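Given chain A, work out where chain B should sit, using these hints.
As a plain string of letters, each chain reads:
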Amino acid sequence: MTDHTVVLRNVSKIYRQNSLAVHALTDINLDIPKQDFACLSGPSGSGKSTLLNLIGGLDKPSSGEISVDGQRVDQLGKSELAQLRLRKIGFVFQAYNLIPVLNARENVEFVMQLQGMAADERGDKAMQILKEVGLEGLENRRPGELSGGQQQRVAVARAIVSEPSLVLADEPTANLDSKTATALMEMLVHMNQEHHVTFIFSTHDKLVMDFSRRLIQLRDGKIVEDLRQS
Amino acid sequence: MIQMPLVVTLAWRNLWRHKRRTIMILFAFALGAWSMVVIAAISRGSMEQQLNNAILNLVGHIQLHAPGYRDDPVIDHRFPPPGDALRAVLEADGIRVWASRIRVPAVVASERESAGVTLVGIEPERERGLSFIPESITDGRYLQSSDDPGLLLGRKLAEKLETGLGRRVVLLTQDPKNRLADRGFRVVGIFDTQPQQMEEAYVFVGHSTARQMLKLDDTTSEIALVTLDRDRLGPLLERLRAAAPDLDVAPWTEVEPLLVLTQKITDAILLIWYVIVFAAMSFGLINTLLMAVFERTREFGLFQALGMPPRHILGQVLVESLILLLLALALGNLLSAATLAALHDGIDLSSVAQGMELVGVAPVIYPAWALNDTLVANSLVFVLGLAASLYPAWRAARHVPMEAITRT
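Just so you know, the protein sequences line up as chains A and B, in that order.
Here the working numbering is used: position 152 in the first sequence is 152, and no number is missing along the way.
Here the working numbering is used: position 390 in the second sequence is 620, and no number is missing along the way.
Looking at chain A on its own, in the form it has when it is part of the complex (with noise of 0.2 Å):
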C-alpha cells in the first residue's frame, strides 16, 4: 500500500441539496503510484474536482477509505488535515490564490515558515526554487505586480519548495497562454522527474493530458477509463 502515494477504495461522494442527493463520485477505486504524473480529466461535473479535493482532505467522503502516504485521511479531524496537507501535499489552483500582501518569495516561504524552518533556510530555498521558475529577480513583487504565469509559476514553488509527496493541481493551465502554459508544463515534468513528486491534475486542458503518463477519464462521478501513455 506504501508504494501508492495515493489509494482510494469505494470512495462515494453525495451532496445533499434539499431533499436532493447528488452522487458526484460513486464507488470510485484508484491508485496513484509514487512519482506518477496523472490527470483527471472528463466533462464539467464529471467529479474531477471533488475527487482531487477529497484526496486534498478539502473535503470528506461519504463513504470509502483514501489514503496518501499511508495515512488515512477520511479518518482524520481539522487539526490533523491541516498538518497533513502542511508536511505532505502541495496545491496549485486554477486562480492561482497567492497571499495578496505577500511578496513572491514571502508566498514562496509561507509554507516552510508554517513548518518552523528557520528564516535563513527557507529564504534560500525560496529563493533557489524562484530561480528554477524562473523568476530571478522578480521575489520582491506581489502578486499584483506579476502576469498571470508568472503567478502561477510562483503558486508551483509554493506547492514544490518544501518537497510534499504529493501535488494536486486544479486547472493548473486554464488562465494561461498556450506558450506559459506549455513552459508551466515543463517545469512540472522537470518536478517530477528531479524532485521525484507525485502530481495529479484535474483539467480540460487537451496540453495537459499530453504531458500526463496517465489519463483518468471520469464521467457522472465514475472512472470510465485508465490509460497509460508514453
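Simulated from the structure, these hints should not be mistaken for lab results.
Mixed in with the good hints, there may be bad ones.
[Said to hold, decoys possible] Chain A regions said to be covered by chain B (calculated; three or more residues, Cβ under 8 Å):
id, segment
1, 48 to 62
2, 90 to 103
3, 210 to 224
Keep in mind it's a predicted model, so treat the numbers as computed, not measured.
Built from N, CA and C at the ideal position, the CB exists for glycine as well.
Relative to the frame of chain A, chain B by itself:
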C-alpha cells in the same frame, strides 16, 4: 506552535489593505478613547472642586463634637477644650490646620428684617486654610482676633436684611440655661461665597465674643481640621478617637454623606458613559473586522488548504484587532493629553454659572486627570475590543478550505 512573526506580518499588512477604512475606524476608536479620558477628567475636576468647596464650607476633613451634636446642634452639646493627649494629636504631622468653633442656631435682625441663621464663633487666624471665610471678604475687613466685637455677614443675607457694612444688627439666641442671649454687632465685613445659600445661612463672630454672649465657660461646639491627605484618614481617626474617647470623631464622608453619594454617582455616570461609547465603537470594530473577514473568505480557505491551523487564523484576526486597538488607544491618549494641556487654565462656564452654583459647581471647571480613570478607559476599550473581535475571528477560523479551491 503559532508562528507569531508570520501572523503579525499578515495582520499588519492586511490592516493597511484598505487604508481609508482602517484610518476611519482608527480615528473612531481614538475619538472614543479621547472622549472617555477627557470627559472623565472634566467630571473628576468638577467633582473635586465641589468636594474642595464643600470641605472649605465649614466641613473640613474631620470634625470633633460632643456626642449628640450632629443630631441636635444646640449649645447643650458642647465639650471642654482639648486636653494634652488630643492637642498632641492635633499638633502632630499630617494635620495642616485645626480650629475650635462655637455653632448655635440664632436669629439675626436688622432694623427692617430678621432671619434664622447659624451663629459661628471662630478663631480668625486658625480658619486660614480651614474654611472659606478669610478669603471671601469682599467688603470691609476680616475678624482681627477671637474677641473682635464685629460681625461678618453674607452678601445675600445683607441684601435680605436690607443692611450693610458699618450698620448694626442684633443676634438673638439661647444660653446654656435657656435664657435669651442677645447682643448688638456692627457689620465689619461682607463675604461672598458659593453656593450662595452659605451667604444666607451663617454669620461669623469671634470665638471669645460668642462665648461671652452665650455666657459660656471655655467649652466649645466643634473642632474642625484639615489634613494633608483627604483620602487617607483612617489612622488619624484612630489616633483622635483614642485621644478623645468621649467625643464624636467623624470624617467628612460621615459629616457630608451627600458628597460621597455624589462621588459615587459621578463614577457610575462615567462608567455608563464608557459603556455607551464603547458599545458604539464596538459596532464599528465588529463591522470592520467582519467586512475584512468576508472579503478574505477565499484567503482564509487558502490558508487552511496550505496547512495553516484554524488557531493561526483566529490569532491573525485577533492580532489585527489588537494592533488597531493599540494604535487607536495611543492616538486617543495623545489627543487627550493635548486637550487637557489646552484646558489647563480651566473651562469658563460663567455664562451659565448661576444655575451651576445652585448645584455646587464652580463657574470655572479645571479638568483633573486621574491615572485610574485613564487606565479604566484604556482597559475597557482594550479588553472589550478584543472580546468583540472574537466573533469575526471565530467566523474566519471556521471557513472551510473547499471555498478556496472552488472559488475563482
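For each hint, the structure was consulted:
{"no.": "1", "hint": "48 to 62", "verdict": "holds (count 6)"}
{"no.": "2", "hint": "90 to 103", "verdict": "holds (count 9)"}
{"no.": "3", "hint": "210 to 224", "verdict": "violated (count 0)"}
The structure is inconsistent with hint 3 alone, although it conforms to all the rest.
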